[in-house]
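Going down the list, the sequences are from chains Y and E. If you're matching positions, the first sequence starts at 748 in my numbering and goes up one per residue. If you're matching positions, the second sequence starts at 106 in my numbering and goes up one per residue.
Derived from the structure by calculation, the hints contain no laboratory data. Careful, some of the hints might be misleading.
[Unchecked claim] Cβ-Cβ distance ranges computed for the label pairs, FRET-style: (1) Gly478/E with Tyr1107/Y: 19 to 27 Å; (2) Gly478/E with Ala1111/Y: 20 to 28 Å; (3) Arg311/E with Asp783/Y: 51 to 59 Å; (4) Arg411/E with Met748/Y: 28 to 36 Å; (5) Glu1027/Y with Thr116/E: 55 to 63 Å.
Where is the CB? At the ideal position from N, CA and C, for every residue including glycine.
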Amino acid sequence: MKTGQLFEAVKDEANRADPYPLYARLRETPVSRQDDGIYVVSTHAAITSLLHDPRISSETLPPSERPRTGNPFSDWIVNPVKDHLTNTHRPFIFRDPPDHDRLRMAVMGQFTHQRVHAMRGRSHDLVADLLDKQSDATSFDLVCDLAYPLPVTVICEMLGVPPEDEPQFHGWATQLASALEPDNLGNEEARAKNIITFDEISTYMRGLIKEKRRHPQDDMLSGLSAGSGPGGEPGMGEVDLIASAILLLVAGHETTVNLIANSTLALVRHPDILARLAGEPDLAPRLIEEMLRYDPPVHFRTRRALSAIDIAGITIPEGADIVLLLASGNRDPAVFCDPDRFDPDRPDIRHFGFGGGLHYCAGAPLARFEAEAALVALAQRLVHPRLIDDPPPYRSGAALRGPMHLRLAIDGVAPRR
Amino acid sequence: MRSMDAERKNTGGHTVVVGASLAGLRGAEALRRAGFAGRLTLVGDEPHRPYDRPPLSKSALTGEVAPEATVLPNLHALAADWRLGVAATGLDRQAREVRLADGTTLSYDRLLIATGSRARSWPNPTEAGLAGVHTLRGRDDAAALRQALAPGPKRVLIIGAGFIGCEVAASCRALDRAVTLIDPGPAPLARILGQPVGEIVAALHRALGVDLRSRTKVARLEGNEAGRVVRAILEDGNVVETDLVVVALGAVRNTEWLSGSGLDAGPGGVVCNEAGHALDTEGRPDRAIAAAGDVARFPHPLFDGRPVALEHWGHAVAQGEHAGRLLAGEANETDYAEMPAFWSSQGGITIKSVGLTEGADSMVFAQGSPKEGRFVVVYGAKGRCIAAVSFDSARWLPAYAEQIAARAPFPPICGGTDEHNLTVLSPGFPEKRTSP
Ligand SMILES: Cc1cc2nc3c(=O)[nH]c(=O)nc-3n(C[C@H](O)[C@H](O)[C@H](O)COP(=O)(O)OP(=O)(O)OC[C@H]3O[C@@H](n4cnc5c(N)ncnc54)[C@H](O)[C@@H]3O)c2cc1C
Ligand code: HEM
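Please build the complete structure, drawing on both the sequences and the hints.
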């Protein structure tokens, strides 16, 4: 295959189960121009450098354009205003400084130590309950029965979204997360669907925020709606608030599930390490860092070059679309020895699992706690877990990558400790 | 092949490190890591195990950490003899011996000079000897200053608005002490960061409540009968009533013990070649000796080989490690080319810099803006980028460090996020300049 077509192959679902050989080929050219004009960045050094480069913009979404309805009032007055608001109030993962910083700071002020730590204990309880439900099973689907419900409950509780509304979100979150898949951005139908979803979830959020203003509770949405950041600085306007809440909800729904599922897959494939984790739960933090390197939930993120950038012997022209292939940097042999080996004892794991630079994952501490609770309990309680399908079926996303189902055969579930 | 390696590598003998602080410790560790298995002795005139200095003007003054809690972690098992509380007083290169203040000598096969620098004292010794007149370099200085701040002095007078003076001023304000900060320059830090940035630092300190007096000097300090300082008379005729003075006039390199050794060492530091070997007065390298940290003056390849002596924490670590490898025979003659980098924190703002501003003829505010209190300034000389300084925006600095290393044209990065219309300004350095 020609280098210029490798990224096309990465996006091809046929390669979802193991894209790593393609990444190795891509790394032969640290920054390579693909035939469709996209620049793919695949080595650790080049990714690090671009994550910290101010000429790299995260404002990559195409302008919002609500589909025509035939109703002139909607088409000429309401929807253009809505489009304008959407374009100027994207969630901060798609924004640049200084707006990004202001919004992120207000949100981070709500990720208080207390709240995040409370979720640590809560995660243990939730996992215990979810596993208890499988006590009579001989097989179960780790994704639907554990990896998905855990982070969803956690993020809903953190934000203050009533759990009974959760089922509505499942579809919304999955739809919105597809904005991270480059092919969907070019696809008109997918874009239209995204906008409709966004409007639906926005309407829901607007109502919820109104409710939080009237009856504030100890949750992140109440804190954000009260309109004060950590230093008492004014928080954000309503449109930004809604966009941020949606971002947190989607990020909480669509990423941690993959970390738990990918980790379980790796552990079942490495029974020695699984056994070790059961007896040595302190291994979990290091094991999770290694997982975020070895098989991370987020494989790449897109950026745009604001001006020409000379890097690794090539010039990325102004305006070019860039893909930072984070999961490839994680396997760069220039930084990690024997990079394709899963080794929780690896020293100094500088992975891109949570990205890097100014968009470094806002939920990283939370995600780590959730994964820790899940993996330790799985290791200690599942009796003789086996994979029913290896490789498992994957979800369609290449950027947010993980198993759709992970069916495990088990000889039982040990009682909780 | 193997035997040749073993020959080139220095795995035995006796290596002496003089100066048991940051550069000395990191050098000793690197030596061990490189396989040096011989005898290792660290000599330090302070009675303490190596500790960290940056907190001394910051969190150790405000009381967030105790001065004793700044001990540096040992990154590598050293298996060394520690000769603490005893100064080196002389060096005989023919005999390969270091003389110590207790009358003993240490013979060496390899020597690492890492004696750093000390605070420049107030030039008038009688006035400097008044009770209540302090300098700040070591842990004991910080403890004494902290003790003097505790009862609530009438007013703290800080002489010199370089980094340490500014940090001490901000820390004293955090403790709600009245502070006057005096500097002959047009604005604090202007010598290092230029006048436009100096003005921002001035505004920061005024907002903190510091009584800032620029463009003036202290002419003399006066004491009472008990020998306590009571006031300072300024050159402009003004009088500042004060009972606690901090002299922050920069640092002097500790090279006196090397006089008579034949090494080219003086107030400017120990002169080294690119690799870090000390040079004798004829300019010949002594391959048994390396210098590192504040005390070393060496030609920096990133700055056209101009000799520089850097008083930066990160430099002490990187050059210390380089010197350790050099003495172990591992970093054979490779030039040391670490990008200079520095940080400071004052009044809740974190200032970081990469490169060297010395010699800059132009500057731009590249990202953010002074109004927001977060920005990056890039400095240029002769159309090339030579330095970048950030206020609460350090995340961009690695990109600029690369541009500086690549000698990219100035201004370096055009069309970045958060970028304003670039207006090239003159740094307006006052006459006498030093590097940050
Ligand atoms: C208050 C303060 C705040 C600072 N803040 C920052 C900061 O924010 N960021 C930053 O980048 N840098 C900062 N620095 C600078 C940084 O701490 C120094 O660059 C660093 O300590 C240099 O390390 P060194 O080992 O070369 O020298 P030193 O730390 O000076 O160590 C030299 C040691 O050698 C000893 N010695 C001297 N002469 C002899 C002798 N004849 N025999 C035996 N021993 C001897 C000394 O007593 C000392 O222990 C700060 C410094 C101070 C004092
Ligand atoms: C294992 C789980 C997770 C992984 C692997 C992950 C990964 C990432 C990555 C790679 C980015 C960088 C995006 C970029 O550079 O463009 C990111 C950003 C972000 N993540 Fe996560 N994430 C996880 C969980 C979470 C959770 C649980 C939350 C919220 C509760 C969250 C909230 C965010 C937010 C808000 C951002 C945007 C930050 C910004 O733009 O400044 N993430 N995440």
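Against the structure, the hints:
1. Gly478/E with Tyr1107/Y: 19 to 27 Å: holds, 21 Å
2. Gly478/E with Ala1111/Y: 20 to 28 Å: Between Gly478/E and Ala1111/Y, where Cβ atoms are some 26 Å apart, the hint holds.
3. Arg311/E with Asp783/Y: 51 to 59 Å: holds, 55 Å
4. Arg411/E with Met748/Y: 28 to 36 Å: violated, 50 Å
5. Glu1027/Y with Thr116/E: 55 to 63 Å: violated, 37 Å
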